[in-house]
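Which chain is which? The protein sequence lines are A and B, in order.
Sequential numbering of the first sequence, starting at 1, is according to the working numbering.
Sequential numbering of the second sequence, starting at 1, is according to the working numbering.
Mixed in with the good hints, there may be bad ones.
No distinction is drawn between identical chains; accordingly, a pair holds when it is met within one copy or between any pair of copies.
[Said to hold, decoys possible] Calculated cross-link-like contacts (lysine-lysine; reagent style DSS-like; alpha-carbon spacing at most 27 Å):
{"id": "1", "residue 1": "K104", "residue 2": "K172"}
{"id": "2", "residue 1": "K99", "residue 2": "K78"}
{"id": "3", "residue 1": "K47", "residue 2": "K104"}
{"id": "4", "residue 1": "K102", "residue 2": "K66"}
{"id": "5", "residue 1": "K102", "residue 2": "K47"}
{"id": "6", "residue 1": "K173", "residue 2": "K78"}
{"id": "7", "residue 1": "K78", "residue 2": "K172"}
{"id": "8", "residue 1": "K61", "residue 2": "K172"}
{"id": "9", "residue 1": "K40", "residue 2": "K162"}
{"id": "10", "residue 1": "K78", "residue 2": "K66"}
{"id": "11", "residue 1": "K99", "residue 2": "K162"}
{"id": "12", "residue 1": "K47", "residue 2": "K162"}
{"id": "13", "residue 1": "K61", "residue 2": "K99"}
{"id": "14", "residue 1": "K193", "residue 2": "K47"}
{"id": "15", "residue 1": "K157", "residue 2": "K193"}
{"id": "16", "residue 1": "K47", "residue 2": "K78"}
{"id": "17", "residue 1": "K121", "residue 2": "K52"}
{"id": "18", "residue 1": "K99", "residue 2": "K193"}
{"id": "19", "residue 1": "K78", "residue 2": "K121"}
{"id": "20", "residue 1": "K172", "residue 2": "K162"}
{"id": "21", "residue 1": "K61", "residue 2": "K121"}
Honestly, the hints are just simulated from the structure, not real lab data.
Since the model is a prediction, treat every value here as computed from it, not as a measurement.
Protein chains: 2
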Amino acid sequence: MKYPNGKRLNTSQNTMQAKMGSVFSNRGMTLEDDINATNKFYLESNKAIIHKKPTPVQIVKVNYPKRSAAVITEAYFKQASTTDYNGVYRNKYIDFEAKETKNKTLFPLANVHEHQMEHMKSVTDHGGICFLIIRFSMYNETYLLEAENLFYYWREKLSGGKKSIPYSDIAKKGYLIPFHYQARIDYLATIDKLYF
Amino acid sequence: MKYPNGKRLNTSQNTMQAKMGSVFSNRGMTLEDDINATNKFYLESNKAIIHKKPTPVQIVKVNYPKRSAAVITEAYFKQASTTDYNGVYRNKYIDFEAKETKNKTLFPLANVHEHQMEHMKSVTDHGGICFLIIRFSMYNETYLLEAENLFYYWREKLSGGKKSIPYSDIAKKGYLIPFHYQARIDYLATIDKLYF
Chain A
1 MKYPNGKRLN TSQNTMQAKM GSVFSNRGMT LEDDINATNK FYLESNKAII
51 HKKPTPVQIV KVNYPKRSAA VITEAYFKQA STTDYNGVYR NKYIDFEAKE
101 TKNKTLFPLA NVHEHQMEHM KSVTDHGGIC FLIIRFSMYN ETYLLEAENL
151 FYYWREKLSG GKKSIPYSDI AKKGYLIPFH YQARIDYLAT IDKLYF
Chain B
1 MKYPNGKRLN TSQNTMQAKM GSVFSNRGMT LEDDINATNK FYLESNKAII
51 HKKPTPVQIV KVNYPKRSAA VITEAYFKQA STTDYNGVYR NKYIDFEAKE
101 TKNKTLFPLA NVHEHQMEHM KSVTDHGGIC FLIIRFSMYN ETYLLEAENL
151 FYYWREKLSG GKKSIPYSDI AKKGYLIPFH YQARIDYLAT IDKLYF
């Protein structure tokens, strides 16, 4: 695995995290929770403007009761045609998808829909910074994987190759994102090293 | 009113639009319909990757019937904390809000929420291209107004000034977007002149 700064988490950091207990450690927090907290920190510290898009929902029926808010009484989840997160950082368009897997040996490509893959390809073509954040929850490891790597494995899959990315490849080609107290999943530190 | 290219719609264009009838004219189409169609055209012609964000919904109850899709049976509309549209164009982050008004003399600032205003300010600070698309539906005129203008009137409002932008100011400081057959509201043509 590659850290952008070439270092592993040092022992004092690990100890500090352990001392913080359940509130500040990321045990039991989903990747989405961690990324939302990170984006909130970025926003409040005026580092970047990155938001999660709302869940796409097909609204079918809405009631408008008198003197109270409209209630949606029938709606369905729609498949997302883009990625979950986007925004602006250092004049650049940022776009990414976050995925968590319990698998210990591989990341299944079925986790990313074809529409999302096409979207990521287009974003890259138009000069956006595009990547995947993948958490292997059994190892509690979170990686940033540049979209180009994903395209490579997607092409392999389309030409009859395997339908997943081996964990070992992600650990080699991706960048481990260390867990921090404030910016829990400080992916922009990795982006700084890679693009600026 | 300013056209970026200094020209008004010529007569043959107007006549052509009239001939196209109800399907292709924008009569009866909402601004949102027109912008969605424009973004679809941009996407398919690989000009830009700009999407409308899904409507933010607070989901309260979901049923999971056997052998069919999950049904959301109770949900509420949430106020948007960002703008409706964003994406990437010519390596730049693009972010805008679209508003339609039936008012003939002014655009009420109440149409833009404080959160959205703060978001637009932040986007501008971080190097994104940020603007408002305003349609005066009684005139069937659609303007692009750079976010900086909006901030000016917002500050005026906060310091006790008027709570709207006069139509005449929008016609002067904004850029009229001509109606086109394919890119119905071709706002990127204006962005090209202003930023590239």
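The hints, checked one at a time:
1. K104 x K172: Answer is within; shortest intra-copy Cα gap is 15 Å, inter-copy 61 Å.
2. K99 x K78: both (18 Å within a copy, 25 Å between copies)
3. K47 x K104: For K47 and K104, neither the intra-copy (34 Å) nor the inter-copy (40 Å) Cα distance is at most 27 Å.
4. K102 x K66: between (47 Å within a copy, 25 Å between copies)
5. K102 x K47: This pair counts as neither: shortest intra-copy Cα distance 31 Å, inter-copy 38 Å.
6. K173 x K78: Classified as neither: same-chain Cα gap 32 Å, cross-chain 40 Å, threshold 27 Å.
7. K78 x K172: neither (34 Å within a copy, 42 Å between copies)
8. K61 x K172: neither (49 Å within a copy, 42 Å between copies)
9. K40 x K162: neither (37 Å within a copy, 33 Å between copies)
10. K78 x K66: between (29 Å within a copy, 18 Å between copies)
11. K99 x K162: within (19 Å within a copy, 47 Å between copies)
12. K47 x K162: Classified as neither; 39 Å inside a copy, 33 Å across copies.
13. K61 x K99: between (31 Å within a copy, 24 Å between copies)
14. K193 x K47: Only inside one copy: K193 and K47 sit 15 Å apart there, 29 Å across copies, limit 27 Å.
15. K157 x K193: Neither. Shortest intra-copy (30 Å) and inter-copy (42 Å) distances fail the 27 Å Cα cut-off.
16. K47 x K78: Classified as between: cross-chain Cα gap 26 Å, same-chain 32 Å, threshold 27 Å.
17. K121 x K52: both (19 Å within a copy, 19 Å between copies)
18. K99 x K193: within (22 Å within a copy, 39 Å between copies)
19. K78 x K121: within (21 Å within a copy, 31 Å between copies)
20. K172 x K162: Within one copy, since 18 Å is at most 27 Å while 59 Å is not.
21. K61 x K121: neither (35 Å within a copy, 35 Å between copies)
Checked against the numbered hints listed earlier, the structure breaks hints 3, 5, 6, 7, 8, 9, 12, 15 and 21; every other hint is satisfied.
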